[in-house]
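Engineer: Working from the sequences, and respecting the hints, build out all of it.
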Amino acid sequence: MSKPRYGIWIPVYGNCGVMNHPLEPRDASFSRAKDLIQLAERCGFTTTLIAEHIINPRNQQLDQMETWTAAAALAEATNSIEIIAAVKPASSDTGVWYVPPDPEQREAAMASREC
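Be aware that the sequence shown starts at 0, since it is given in numbering that gives the first Met the number 0, and climbs by one per residue.
Hints were generated in silico from the structure; no laboratory data involved. The structure presented is a predicted model; accordingly, all values stated were derived computationally and were not measured. Using N, Cα and C, we set each Cβ at its ideal position, and we do this for glycine too. Possibly wrong hints are sitting among the right ones.
[What the hints assert, rightly or not] Label pairs and their computed distance ranges (CB to CB):
| no. | residue 1 | residue 2 | range |
| --- | --- | --- | --- |
| 1 | 23 | 43 | 18 to 24 Å |
| 2 | 62 | 101 | 29 to 35 Å |
| 3 | 103 | 43 | 22 to 28 Å |
Structural biologist: Here it is in structure tokens:
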């Protein structure tokens with residue numbers, strides 16, 4: 000039996016939980032995402048999911064981190080976490096873009112998505 004693997008959800012909307020929780024700031028910045036993925040890596044997490052939305056579904060006036068750019072930048076910020084960029088099927092041929100943890104495979108996967 001294989002060992003369980005755990006992942007985190009990158010807060011592309013700025014927070015992961017209740018909109019007004021005092022300990023959960025609305026911060027959709029790359030800096031926060033990078034800090035979270037690096038903390039997750041140090042804590043032994045193995046994957047992350049980055050959801051794709053063009054606008055923040057909770058409130059269009061709130062910030063929203065763009066998925067494709069975030070996936071590429073976060074791939075550079077971590078050494079071992081697998082990155083899953085989940086996109087709407089209408090905007091991608093498969094709906095999911097997987098970035099493997101191996102540096103050579105990661106480079107090839109990212110290059111395959113370049114225009």
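Engineer: State the violated hints by number, sorted upward, taking the hints as numbered earlier in the document.
Structural biologist: Those not satisfied: there are none.
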